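Q: In case you want the letters, here they are:
There are 2 protein chains.
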Amino acid sequence: MIDLDTISTQPPSNISKNEGKKGLVQLRKELFELQNKFYADGRFGLLIILQGMDTSGKDGTIRHSLSSMNPQGVQVKSFKKPTEEELKHDFLWRVYPHIPPKGMIQVFNRSYYEDLLMPMVANSLSEEVLAHRCKLIKYLEQHLRLSNIHVLKFFLHISKEEQKERIQERLSKPHKRWKYSIADEKAAKQWDAYRAAYNMAITNCDDPSWYIIPADKRWYRNYSVANILTDHLKKHNLKYPNT
Amino acid sequence: MIDLDTISTQPPSNISKNEGKKGLVQLRKELFELQNKFYADGRFGLLIILQGMDTSGKDGTIRHSLSSMNPQGVQVKSFKKPTEEELKHDFLWRVYPHIPPKGMIQVFNRSYYEDLLMPMVANSLSEEVLAHRCKLIKYLEQHLRLSNIHVLKFFLHISKEEQKERIQERLSKPHKRWKYSIADEKAAKQWDAYRAAYNMAITNCDDPSWYIIPADKRWYRNYSVANILTDHLKKHNLKYPNT
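Residue numbers (UniProt numbering), protein chains in the order written: chain A, 1 to 243; chain B, 1 to 243.
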């Protein structure tokens, strides 16, 4: 069982802020080229899942690490609180139209994992249903891999103290204030329950494994996500057709 | 392991053609009322899956057994050979938008089971992928039940001789000729391979169990499907809200 409390939220000591910032500039250039090749190659699809506590930096990661690529081949879908129509459906219904085809990169800002985490925190579903959701998600992700749709899962890992600071920051800085909502404060109060839910989800839905990104420092978070994505794309020997 | 060869394709002896035809008229009236209540009740959704060899009568079943209900609450989706766009996606992608919400009845004329049966017959996917698809389908159907979307699966069971006659009929009768296609003859040649694939799918994806409908006689097939559907809807103590 993974215990997030034992994993550092700080950058490793072998990289400086300056190196991370320069590295990101370079990685963004590489990603621009790699994504083009990925699209042309057309053998694989890629689903990137961003999860993390409130204020952990999902939006910032998309803006800084995933925005250098051609938007024709990259789509972002944010999953908010389900609408009334969505609640009449099973939880995968609103997700499935956004599962990418081969050639495309799809980013999920939050995902079907919320349908596991939220009911755990709210205690609104039986153990049986939660256990089944967990297994279904495992099967789904394996199914995608078998269909040549790869899944990269990132957990943006911040400390409780950092979250507190970021909520304060949203209140005090005019250009961040619009992001503040009462829900943020409520989520902060439920820190322990969310933490337990994430420990469970990360432990049990581990194929593919999660990348746990130390995210207290934004520069490292951005660098790290871009770095892992670049590595992933390079691994597959992508080719332009007929070359 | 189910062996379809050991199961009769003929009506049971305790019902005559006349009783079956009269029974269907009555059942269609009941279904008209029950579906309205089902829609108003809104606690459950229903997915009806029709599978069977070519010429087994899927279209006819929809026309005779499932057409007395309000089309506002009943939808039919036919799954044909996947398009080029659909083939870029995993096999569930084209299915999922048609998974019904609560209150609705959705009929699948063929279904995701084709993505298990066809590759088995064509020998186009590895054992590993086929076994995984089989398990994923099991999990998916359980997931739907846990989400209050019930699944009723009908296998329309005809004999090889009956199929041969029906293909001949399509060729000889002007009003049936449009339904004939070369694919029918090819499918007839692959009878044994399809039979083995169905034995596997029906045995392994058995939660909920399949209804194996003796379908050599159209009157019995229509009566039987309508009868099972009526029973299913009655079981759930459907209510108009606030009554």
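Quick caveat, the hints were computed from the structure, so don't treat them as lab data. All values derive from a computational prediction rather than experimental measurement. One thing to keep in mind: the hints can contain errors.
In this list, chains with the same sequence are indistinguishable; a pair is considered to hold if it fits within one copy or across any two.
[Unchecked claim] Listed next, the in silico DSS-like pairs over lysine-lysine satisfying Cα-Cα at most 25 Å (straight line):
{"hint": "1", "residue 1": "K77", "residue 2": "K88"}
{"hint": "2", "residue 1": "K102", "residue 2": "K88"}
{"hint": "3", "residue 1": "K37", "residue 2": "K88"}
{"hint": "4", "residue 1": "K81", "residue 2": "K102"}
{"hint": "5", "residue 1": "K88", "residue 2": "K239"}
{"hint": "6", "residue 1": "K29", "residue 2": "K189"}
{"hint": "7", "residue 1": "K173", "residue 2": "K189"}
{"hint": "8", "residue 1": "K88", "residue 2": "K235"}
{"hint": "9", "residue 1": "K234", "residue 2": "K88"}
{"hint": "10", "residue 1": "K217", "residue 2": "K81"}
{"hint": "11", "residue 1": "K160", "residue 2": "K217"}
{"hint": "12", "residue 1": "K138", "residue 2": "K88"}
{"hint": "13", "residue 1": "K234", "residue 2": "K189"}
{"hint": "14", "residue 1": "K80", "residue 2": "K235"}
{"hint": "15", "residue 1": "K81", "residue 2": "K189"}
{"hint": "16", "residue 1": "K164", "residue 2": "K189"}
Q: Using 25 Å as the alpha carbon limit, work out where K88 and K235 are close: within a copy, between copies, both or neither.
A: Cα proximity of K88 and K235: across copies only (21 Å, versus 41 Å in one copy).
Q: Go through the copies and call it for K138 and K88: within, between, both or neither, with a Cα cutoff of 25 Å.
A: Both: 23 Å inside a copy, 22 Å across copies.
Q: Can you give me the call for K160 and K217, within, between, both or neither, at a CA distance of at most 25 Å?
A: within (13 Å within a copy, 68 Å between copies)
Q: Measure nothing new, just compare the shortest in-copy and cross-copy C-alpha distances for K102 and K88 to 25 Å and report within, between, both or neither.
A: Classified as between: cross-chain Cα gap 5 Å, same-chain 30 Å, threshold 25 Å.
Q: Between K88 and K239, at a C-alpha cutoff of 25 Å, which is it: within one copy, between copies, both, or neither?
A: between (43 Å within a copy, 17 Å between copies)
Q: For K37 vs K88, is the C-alpha pair at or below 25 Å within one copy, between two copies, both, or neither?
A: between (40 Å within a copy, 17 Å between copies)
Q: Checking an output row: K81 and K189, CA cutoff 25 Å. Within, between, both or neither?
A: within (19 Å within a copy, 52 Å between copies)
Q: Give the relationship of K77 and K88 under a CA distance limit of 25 Å: within one copy only, between copies only, both, or neither.
A: both (20 Å within a copy, 19 Å between copies)
Q: Pop the pair K29 and K189 into one bin, within, between, both or neither, using alpha-carbon distances up to 25 Å.
A: neither (40 Å within a copy, 55 Å between copies)
Q: Using 25 Å as the alpha carbon limit, work out where K217 and K81 are close: within a copy, between copies, both or neither.
A: neither (28 Å within a copy, 50 Å between copies)
Q: Give the relationship of K234 and K189 under a CA distance limit of 25 Å: within one copy only, between copies only, both, or neither.
A: neither (41 Å within a copy, 46 Å between copies)
Q: What label fits K234 with K88 when the C-alpha limit is 25 Å: within, between, both, or neither?
A: between (41 Å within a copy, 21 Å between copies)
The structure is inconsistent with the numbered hints 6, 10, 13 and 14, although it conforms to all the rest.
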